[in-house]
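Participant: If you read the protein sequences in the order shown, they are chains A and B.
Counted from 1, the first sequence has number 207 at position 205 by the working numbering; the numbering is strictly sequential.
Counted from 1, the second sequence has number 77 at position 53 by the working numbering; the numbering is strictly sequential.
Among the hints, erroneous ones may be present.
Stated by the list, open to error - Non-contacting residues of chain B with respect to chain A, defined by C-beta distances greater than 10 Å in every case (computed): (1) Val78; (2) Arg96; (3) Ile109; (4) Val136; (5) Pro144; (6) Phe168; (7) Gly175; (8) Leu188; (9) Pro193.
To be verified - Covered by chain B, according to a simulated footprint, are these stretches of chain A (three or more residues, beta-carbon under 8 Å): (10) 85 to 92; (11) 113 to 125.
Said to hold, decoys possible - Selected chain B positions facing chain A (Cβ under 10 Å, derived; list incomplete): (12) Phe148; (13) Arg178; (14) Phe197; (15) Ala223; (16) Val226; (17) Ala227; (18) Leu229; (19) Val239; (20) Arg242.
Simulated from the structure, these hints should not be mistaken for laboratory data.
All values derive from a computational prediction rather than experimental measurement.
Think of the CB as a built atom: it goes at the ideal place given N, C-alpha and C, for glycine as much as any other residue.
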Amino acid sequence: MSIWEYANPKKFMQTSSWALPWVTGLAVVTLLTGLVWGFFFTPDDFRQGATVKIIYIHVPSAMMAINAWAMMLVTSLIWLIRRHHVSVLAAKAAAPIGMTMTLIALFTGAIWGQPMWGTWWAWDPRLTSFLILFLFYLGYIALWEAVDDPDTAADLTSVLCLVGSVFALLSRYAVLFWNQGLHQGASLSLDKEEHVADVFAWPLWISMAGFVLLFITLVLLRTRTEIRSRRLRALEARERMA
Amino acid sequence: MLALLLRDLRLATRAGGGFGLSLAFFLIVTVLVPFGVGPEGGILARIAPGILWVGALLSCLLSLDRIFALDREDGSLDLLATAPIPLEGVVAAKALAHWLTTGLPLTLGAPVLGVLLHLPGSGFAWLTLSLLLGTPALSVIGTFGAALTVGLKRGGLLLSLLVLPLYIPTLIFGAEAARRGSEGLATATPLLMLAGITAGAVAMLPFASAAAIRVNLR
Numbered sequence: 003m004s005i006w007e008y009a010n011p012k013k014f015m016q017t018s019s020w021a022l023p024w025v026t027g028l029a030v031v032t033l034l035t036g037l038v039w040g041f042f043f044t045p046d047d048f049r050q051g052a053t054v055k056i057i058y059i060h061v062p063s064a065m066m067a068i069n070a071w072a073m074m075l076v077t078s079l080i081w082l083i084r085r086h087h088v089s090v091l092a093a094k095a096a097a098p099i100g101m102t103m104t105l106i107a108l109f110t111g112a113i114w115g116q117p118m119w120g121t122w123w124a125w126d127p128r129l130t131s132f133l134i135l136f137l138f139y140l141g142y143i144a145l146w147e148a149v150d151d152p153d154t155a156a157d158l159t160s161v162l163c164l165v166g167s168v169f170a171l172l173s174r175y176a177v178l179f180w181n182q183g184l185h186q187g188a189s190l191s192l193d194k195e196e197h198v199a200d201v202f203a204w205p206l207w208i209s210m211a212g213f214v215l216l217f218i219t220l221v222l223l224r225t226r227t228e229i230r231s232r233r234l235r236a237l238e239a240r241e242r243m244a
Numbered sequence: 025m026l027a028l029l030l031r032d033l034r035l036a037t038r039a040g041g042g043f044g045l046s047l048a049f050f051l052i053v054t055v056l057v058p059f060g061v062g063p064e065g066g067i068l069a070r071i072a073p074g075i076l077w078v079g080a081l082l083s084c085l086l087s088l089d090r091i092f093a094l095d096r097e098d099g100s101l102d103l104l105a106t107a108p109i110p111l112e113g114v115v116a117a118k119a120l121a122h123w124l125t126t127g128l129p130l131t132l133g134a135p136v137l138g139v140l141l142h143l144p145g146s147g148f149a150w151l152t153l154s155l156l157l158g159t160p161a162l163s164v165i166g167t168f169g170a171a172l173t174v175g176l177k178r179g180g181l182l183l184s185l186l187v188l189p190l191y192i193p194t195l196i197f198g199a200e201a202a203r204r205g206s207e208g209l210a211t212a213t214p215l216l217m218l219a220g221i222t223a224g225a226v227a228m229l230p231f232a233s234a235a236a237i238r239v240n241l242r
């Protein structure tokens, strides 16, 4: 039993159809717990008031925006090295989700920034690098859409994902050099002493777990859709041949 | 490889090659800016390094789709791919030809356009130096984008969408070096970073471009 078994679409479909309801249920429960706890059962911050609660959507979506790209990078590499179709289809499935997460992070940040910083947008390194990340997602998805042959598209987007990762990282540090930050440091960390107070931290951890589960649910769902649409195309092609 | 380079240079400079088009585009973009922001010298001097860098970048973008598209159409790309020299070498030669016909003229033309935008006297040398260091990266990254989109019928717009995000780090360090130079600040750090990006891109991206072309010719 190894992870490579799931390179077989049939095996992947079997396991994912069994796992999907569980992951979905878990995602719903954790998201509801985290968000309801965060929105209704935490005190208002003494300076930020109720706007502090946007953190329960902002931080997890920002985390998933980056992790989705990291996942795409790994699955693209697996496709380039071992030619497993499920892997690259998972990358294709993850891209729009990651892009949406980036947008959610940008928008919730803007909504929070308006009362707190007095502006919807600032050319702060973190904000800017998220905007750049959004552009990378856009290019990746556009390339998938533009190429007709599925294997060619898979190869080209994978190469773009690898090169894009390097340049996205470069841009991230380039904008740090380019402008001073307005954004605060990390809200949560495993090793530092100072972070968000415990009353806010616990629902935040749960929301983050919820977003991870939501992401897994959506990726499984979309990958299954991709596999099905490929099967459909193969069936149609066979019918035309006959 | 030398023969390929000379061939590309000849194709670019002779009739219909589009040599000088990007330079003309650069001129027009620069001329348009004062109409957009007003003729006041102070503002123009302040934004001149950035405008010239963005203008050079866009002019560079303009000629990217010619790198492989014409060779693909008349079949010479297939011949080049099966030629005894490695495809990586072909890509590198083509990127060099693109730089010689686009990046270098832009670099040499930028100071002249700097006069139009009231670039401060101290900025000219740094602007030229930063463009000289940065434009090779633009050509190599652009060649990668052209390699990705070579098989597509209407790849031009997609090409810009793919390439422009990749240009961001180069633009940041290049424009920063030019800006600092024109304001009389130390320029060593951005220039070194810019040179680093160029060196890294020149060293590694031809492999990615060659891989993309192999996929597209499959």
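Participant: Which hints, by number, does the structure contradict?
Facilitator: 6, 7, 8, 9, 10, 11, 12, 15, 16, 17
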